Amino acid sequence: MTLLTFRFAPSPNGELHLGHAYSALLNQKLAKAAGGRLLLRIEDIDTTRCTPEFEAGIFRDLKWLGLGWEEPVRRQSEHFADYQAVLDRLTREELVYPAFMSRSEIRAFIADSERRGRDWPRDPDGVPLYPAVDKVLPTRERKRRIAENAPFAWRLDVDASMARVGAELSWVEFSDERLSATHTVEARPQDWGDVIVARRDIPTSYHLAVVVDDALQDVSRVVRGQDLYSATSVQRLLQAVLGLPQPSYFHHRLILGPDGRKLSKSAMDNGLAALRKAGASPDDVRRLIGF
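Oh and the sequence shown: position 114 is 1170 in the numbering used here, straight run, nothing missing.
The set of hints was computed from the structure by calculation and includes no laboratory data.
Treat the hints with caution; some may be incorrect.
[Claimed, not checked] Heads up, simulated SDA-like pairs for lysine to any residue below, C-alpha to C-alpha not over 20 angstroms straight-line:
no.	residue 1	residue 2
1	LYS1191	GLU1233
2	LYS1199	GLU1233
3	LYS1085	ASP1144
4	LYS1085	TYR1262
5	LYS1199	ASP1144
6	LYS1088	PRO1338
7	LYS1088	SER1133
8	LYS1088	GLU1233
This structure is a prediction, so every number in the text was calculated from the model and none was measured.
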């Protein structure tokens, strides 16, 4: 019998806060109830913002909370070769393309379009979709720019990928925190446009790395915050294109600040280290998050 596998996957780009505590403890609770496994994964592909100090803080905070996990811990920065192999496959199959427009060029292009009366489409986070200019560049021009070290990112050709899959996409979503019932959600990756799947200097992005890791680690239950609900559509498309197994998902409620805003690492919101330093106990944290 295959054990159910859960994972908690923080990024070491700041201190963990109460929202992370809720997600980590919920994953541990559900894994224990299912007689399954709990993995810890360090999602550190952002080599600029992620630091060893923040990673050490993650381990301190989670151990203080009483979280346990299987070893070894997977660090994404140690597995760029895995992502490069998948990126190479997407490149060979012409499902990605190099996108050269800078942020200022994107803004100018969209502003010009909107001045001419066109409402520019935006993704579920409100970000304008990437213009299709680079998608139609001739191969010779793409190669010339790359050879001249022009900055670029690899973007997923969503239309080509959807055509390759040739079927409507969906995912299985659990309805409550007991994982006792499920419903089917229609995946709409087209709502995100041609998302970035890798950089020139880093052969992956969050979307690509997470689907590769979940497959390699046999993750069967993805329990994470509601803020990632819509992004699941992109990940389902990548899973389908790459022939990867599909986990089931549960997107739990978010822990909000007093002002109703989602907690943020960058704003140092309710940091676990600060709470511990102020004398809070793990039980205090559980009460604060309604656990």
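Inset, instruction - Against the earlier hints, flag every one the structure doesn't satisfy and list their numbers going up. - result: 1, 2, 3, 4, 7
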